[in-house]
Amino acid sequence: MSAISFQQVEKTYGSGVRALDGVSFDVQPGEFFGLLGPNGAGKTSLISILAGLARATRGKVTVMGHDVVDDYAAARKSLGIVPQELVFDPFFSVRETLRIQSGYFGVRNNDAWIDELLASLGLADKANANMRQLSGGMKRRVLVAQALVHRPPVIVLDEPTAGVDVELRQTLWQFIARLNREGHTVLLTTHYLEEAEALCQRIAMLKQGRVVALERTSELLAGTATTMLRFKTDHTLPASLAARARVTGRFAQVSARDAGDVEAVLAQLREAGVPVEDLEIGRADLEDVFLNIMTESTQ
Amino acid sequence: MVLAGAQPLFRKEVFRFWKVSFQTVAAPVLTAVMYLLIFGHVLANRVQVYDNVGYTQFLIPGLVMMSVLQNAFANSSSSLIQSKITGNLVFLLVTPLSPAAWFLAYTGAAIVRGMAVGAGVMLVTAWFAPPGLSNVLWILTFGLLGAGMMGTLGLIAGLWAEKFDQLAAFQNFIIMPMTFLSGVFYSVHSLPPVWHVVSHLNPFFYMIDGFRHGFFGVSDVSPWISLAVVGTSFVAVSAIALALLRSGYKLRH
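Just so you know, the protein sequences line up as chains W and H, in that order.
Residue numbering for the first sequence follows this note's numbering, beginning at 5 and increasing consecutively.
Residue numbering for the second sequence follows this note's numbering, beginning at 94 and increasing consecutively.
Check the hints yourself; a few may be wrong.
As the list claims (entries may be wrong) - If we take Cβ atoms under 7 Å as the criterion, some of the chain H residues that face chain W in the derived model are: (1) 112; (2) 180; (3) 346.
As the list claims (entries may be wrong) - With beta-carbon atoms standing in for the labels, derived distance ranges: (4) W/89 <-> H/261: 22 to 28 Å; (5) H/261 <-> W/174: 41 to 47 Å; (6) H/119 <-> W/89: 30 to 36 Å; (7) W/28 <-> H/116: 30 to 36 Å.
The hints are simulated quantities; they were obtained by calculation from the structure and are not laboratory data.
Using N, Cα and C, we set each Cβ at its ideal position, and we do this for glycine too.
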């Protein structure tokens, strides 16, 4: 049995926008799975359908074998969702918020686990603070605690580190990695591709509502251009290189298939009279893979 | 099963309004006292509605019921619209709570607030002119049914509205006129024939008339007719609210 299963999921909104176009993949129990894609790719629509916030136009979605529509109560008990938006109920304190959320899932006398969550997420001294008094990072931690308060076997993190500081990221990932080691399945969407590369065992990439890649992270990295030339320059790249380069200000990155191709790129730079600084030749990372796949799927 | 599911949400909804009870309970009590002082003073010697019942006495049950109705409506509608607009409704949408549990919790909490405000208005205004108690059972029946119906209407309005001004329009153009034109401040027998007939098409009239019967033992129509109208209306709006919740209307896209 898969922890999460999407089968031919389609979603067309009332406005006619087709957000998902036959998405199918499974996430296995205990897996740390990454769902990547540019804005508008359909990630949030897919997660919304999984959580019951939206309904699929067609297809089937299950959590721990429970259909999210026909058996929604069991499916939702198996799922903990950390939403993308920083939302909170201004009437309550952190502890009250967590007790209320426990109650919704039928979990009573949950203070021991709530205390553990507060301690693990660095919120112990904020337990009795009103939600309005917390900083953005603290509110984000409470969102994580709320998702975990009923000890779900499957955890979904929808861009949980968007706009949060390095310290919180470290605390959060240590805690989520611990939960994953203890057997929880984790589905992560993030724009920080280095996080996905470091944490996820498998990755699905979405583009325009379709799965354009679904592989183990290591295979994704191995299966694309393996070499990247990174350098700084104040000059415009020759047209032959500009088409395959990624330029951010003075920084340029050009992919190369092999050592011969590296030499060819350098030769083109020399011939065009483009001086470069801080030249590095390294392995392609997930960001390069992501951009390559997104570019290829457009062509 | 449904009751067990509704309990945590019901407790949270009661806790929510109780945390700001100065605004949600004390303020409406003060408003009702103002109505009593002003209308009671101005009209006390000009209007005689029932024999042996002074105008101030007549006014009190109407004010109590008006407060019950308006606050029951405000509780469920404001809670839902705030949660929708601030986005924290997501915490409820991802839970296993059934549509019936949502309905029971929101309506139940609205009844608690309506009755709490009603009891507060009763306690304070009765000090000015004790209205008498002819039949407590009618008072409780119409109080609970009225609060339940308005809590349910508040739930429907909260589901429908996407902005605060839409909810305000619902409140100002539907709920307020129907409440004020239901006989809170007068007996419909004193109205011209056309408005007398129109008043009988307003279900709010039956809530207030039946409620008042519990105090004085007299009313414009039989309390059994009022019970039938209010009971049927409550069942109808409850069916609509449950259908909207089951369909995920403006909740699940």
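Now the hints, each set against the structure:
For residue 112 of chain H, the suggested interface contact is upheld, since its CB lies about 5 Å from the closest CB of chain W, less than 7 Å. Hint status for residue 180 of chain H relative to chain W: holds, with the closest Cβ pair at about 4 Å, below 7 Å. The criterion of a C-beta within 7 Å of any C-beta in chain W is met by residue 346 of chain H, whose closest approach is roughly 5 Å, and the hint holds. Look at residue 89 of chain W against residue 261 of chain H: about 25 Å separates their beta carbons, and that is inside 22 to 28 Å.
For the pair residue 261 of chain H and residue 174 of chain W, the supplied restraint of 41 to 47 Å holds, since their beta-carbon distance comes to about 46 Å. Between residue 119 of chain H and residue 89 of chain W the C-beta distance comes to about 34 Å, which sits within the given range of 30 to 36 Å. The hinted range of 30 to 36 Å is not satisfied by residue 28 of chain W and residue 116 of chain H, whose Cβ atoms lie roughly 51 Å apart.
Of the hints listed earlier, the one the structure fails to meet is number 7.
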